[in-house]
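So the sequences go chain by chain: A and B. The opening residue of the first sequence carries number 201 in our numbering; numbering runs sequentially from there. The opening residue of the second sequence carries number 201 in our numbering; numbering runs sequentially from there.
These aren't lab readings, by the way, just hints derived from the structure by calculation. A few of these clues could be false.
If chains are identical, the list can't say which one is meant, so a pair holds when it fits in one copy or spans any two.
Calculated pairs, DSS-like style, for lysine-lysine (alpha carbon to alpha carbon, straight line, at most 25 angstroms) [to be verified]:
| hint | residue 1 | residue 2 |
| --- | --- | --- |
| 1 | K472 | K218 |
| 2 | K342 | K215 |
| 3 | K675 | K218 |
| 4 | K596 | K338 |
| 5 | K228 | K617 |
| 6 | K218 | K449 |
| 7 | K427 | K243 |
| 8 | K633 | K231 |
| 9 | K473 | K218 |
Model, not experiment: these values are computed from the prediction.
Protein chains: 2
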Amino acid sequence: MIDNLNDFVSIQLVKNAKEALYIQLYNKLLKLIRERRLPPGTKLPSVRKLANCLSINAGTVVNAYRELEKNGFIFSSAGSGSYVSEHPLGVHSAVDYEVDTAKIYSTELLAPIKNTSAINMRSISLNPDIVSVSELKKVLIKILDRDQGRAFTYQESQGFFPLRESIAEYLKSNGIKTNAQNLQIISGAQQGIDIAARTLLNHGDYVFTETPTYPGAVAAFLARGAKIIDIPLEEDGIDLNLLESQLRKFHPKLIYVMPILQNPSGCSYSLKKRNRLLSLAHYYNTFILEDDYISELSYQTVPLSPLKSLDRDDRIIYIKSFSKIFMPGLRLAFLNMPECLSKKLLKVKYIADISTSGFTQRIFDLYLREGLWQKHVNDIRRIYNAQFDFAYNTAKQYLPAEVTWHNPHGGLSFWLKLPKRINAGELCSAAEKNNLLLTDGTGFYPHHTDTHHIRISFAALSLQQIETGMRILGKLLSTKDTPIK
Amino acid sequence: MIDNLNDFVSIQLVKNAKEALYIQLYNKLLKLIRERRLPPGTKLPSVRKLANCLSINAGTVVNAYRELEKNGFIFSSAGSGSYVSEHPLGVHSAVDYEVDTAKIYSTELLAPIKNTSAINMRSISLNPDIVSVSELKKVLIKILDRDQGRAFTYQESQGFFPLRESIAEYLKSNGIKTNAQNLQIISGAQQGIDIAARTLLNHGDYVFTETPTYPGAVAAFLARGAKIIDIPLEEDGIDLNLLESQLRKFHPKLIYVMPILQNPSGCSYSLKKRNRLLSLAHYYNTFILEDDYISELSYQTVPLSPLKSLDRDDRIIYIKSFSKIFMPGLRLAFLNMPECLSKKLLKVKYIADISTSGFTQRIFDLYLREGLWQKHVNDIRRIYNAQFDFAYNTAKQYLPAEVTWHNPHGGLSFWLKLPKRINAGELCSAAEKNNLLLTDGTGFYPHHTDTHHIRISFAALSLQQIETGMRILGKLLSTKDTPIK
């Protein structure tokens, strides 16, 4: 680090060289900046001082400083001189600006969990040991034998046509009438949300979400520079009175909802709220982005149909992932697109990654056609219904009565409301020290307005682990001397 | 369609109903608009006329019109009245605005090629029949037996760690020193370009590209609202004098280049140009996005190293796809990230699709570790070297001398310069009628400034098809009575 003017004397310039003096000076100063001998924030000597010190023309210094400033290495502050920039590489990026405000809470994916011996109530991925690989292996081999190298050729950007046909057929059983033309195969639900955001949102546009909601969606909306208005959930769905008054004020481009077994709350919309939401979207002329998060894991005898099945207006973009309750590693989902948006969505998908793996699409197509998907869903539903009942009963047994939750009719997790004296983040830290991983619910609130919810999941646990986890949690919630405020 | 005021009389409003009169009127008018009985552009009756006609208060009509306008169904033009909107669903989107100017030319992926019996000199995908599936099948089965259901669990967003280690090791042989921490696994090169664009570019920023260049990159830059300055290619790389003068003017955030076997021109940068490009990027403080398109298919004895191997400054984002000369359907590539950008790039990847398929990553990791990749590359290089020589000789034999091209030292295609009297688009149409598919080069120029180049590829053809194709092309280029101007 250079402390005073004397150090600048070390700068050697060659008069009458091929390179102009100011360029030589530029390069010497740049070297000092890059080596952090002139760290960010350092004040540079005045033009006159440096010129005197190096016995050169003041104009040469002015030119070198101007060039450094134009290229972002230094900045000048009127009347006070020139300083080395904070980010001399110009890395103030789009993402910085827009997304840093959104904490992405799914840390389990950004970095692997270190404490692997802990009881993991954070993961909502199925226990890999109960997913049967043998059927899939047969399908894989069939595809390789059938399609050979063609299984790996480039794929039509919209998706493998036979798969789109299979999905259109499958959707009929969910009350959704569509066809291969209006389906777009994507690499997981997150990509669908991101593509919808890129298609519909410009900087400054409004998006409505439920609150709590999925933070990955919020991050995608913020990455477009959109503004989020979050509307509280009630037991039977979003607060429609508040929604309407906000619609009147803000005219959003998009309303993002999970009407069945919402993540993280587990709540599902009543039929009345579904219909009213649709008429409001119609009246206020906005699109709905329906994220069908996990509707197959409804343990009711008559499962709810997606909102899309009521969409006579063709204004719902319906996203469904096949990976959530199957194999997240496959990265496979689809969009059912309103006709008026399909061309635009297709374009954005193309720009994003050209196409989803054709190999995966061929595998899944056969898996659907052979009825293996339905069989898998039935198996998983049976297994997790038992897990759910067990988790519910142990929660009732071990958790203090002041902790409340809405009883969902399906899914892989509970959404617990803590008493006001307990902060969710602190509880999660304390739990981790006790070998129990929980999800702090704060990140599910787009503006982090609630710090008293946690999500606990039993997706990846054995019954014994569920019981141990609930016991530890119950103890932490009841003890007075943990670091919980 | 409603032709005159009398038709509005059919609107029935119920006084003293629960719904306010203006909301009833709003809904009736909306219904007429949606059913296109009031098509876009229709002028609505004046407030006074409609109020008289329905025997209601003028204020009721004013309120209904105001509500329709606020929600985007109608617009008013000062002094001239109210009209039904062109896009009543508000579908003027981000994409419309920014990307419609970029024609995406890879139509083979947006829609399947209809004429499958044609000789396809458009496709640059390997002939699927020469890709051996048997080795891959063995690897697949090993992974399934080894990892079982875990092969399909969620994947760390940055990528499967062992694969990143394998890639770091592999890069050493290309002269690139890096480690797993600076690698990000992505779903194909296009995703890498898109992620870099989203990380570095804001609306109005400048990006420099070569011209001609890959249109998928241009589309990704335009989707960020960036402005493209395209710099012509010379035989030994980009025109550096022009580059420097433009750098002085525009201060781009990014320079996008393919220094080895560029797509579509096939040219490679001289060592002198590589070094000078790097010092210019240093001097003018900008990042370089290096797309290593197909460097393995160099038929020289000593293949060129990537620009990244000379990057002492850590300012190159290096993208390499494994799918191009292997299996495009796998969708697998990686970014080697400058350290100062890695956190930001990781975030954008997460928002885009959480992670690339973990199953694919595990397969490819083993494929690399078992030396099968290197074996595959050697096989493919040998096969395509022969194809290349054959294609080169038949081109010399059949194409008229007025058609010229730079002789690349590798790759899967030639970039032909047509005489001025021949328009590339018209030639391609004429060829298609003669059962030959060519790629119109116009789309490779970001501003479509050149209409006299075509790309012909021999990637998917047999030797016999190459010869037939060249013969047809030669005939079309020589005939005077084809519709070629």
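Hint by hint, here is what the structure shows:
no.: 1; hint: K472 <-> K218; result: between (80 angstroms within a copy, 18 angstroms between copies)
no.: 2; hint: K342 <-> K215; result: neither (75 angstroms within a copy, 68 angstroms between copies)
no.: 3; hint: K675 <-> K218; result: neither (77 angstroms within a copy, 54 angstroms between copies)
no.: 4; hint: K596 <-> K338; result: neither (43 angstroms within a copy, 49 angstroms between copies)
no.: 5; hint: K228 <-> K617; result: neither (61 angstroms within a copy, 45 angstroms between copies)
no.: 6; hint: K218 <-> K449; result: between (65 angstroms within a copy, 23 angstroms between copies)
no.: 7; hint: K427 <-> K243; result: neither (38 angstroms within a copy, 34 angstroms between copies)
no.: 8; hint: K633 <-> K231; result: neither (47 angstroms within a copy, 60 angstroms between copies)
no.: 9; hint: K473 <-> K218; result: between (77 angstroms within a copy, 19 angstroms between copies)
Against the hints set out earlier in the document, violations occur for numbers 2, 3, 4, 5, 7, 8.
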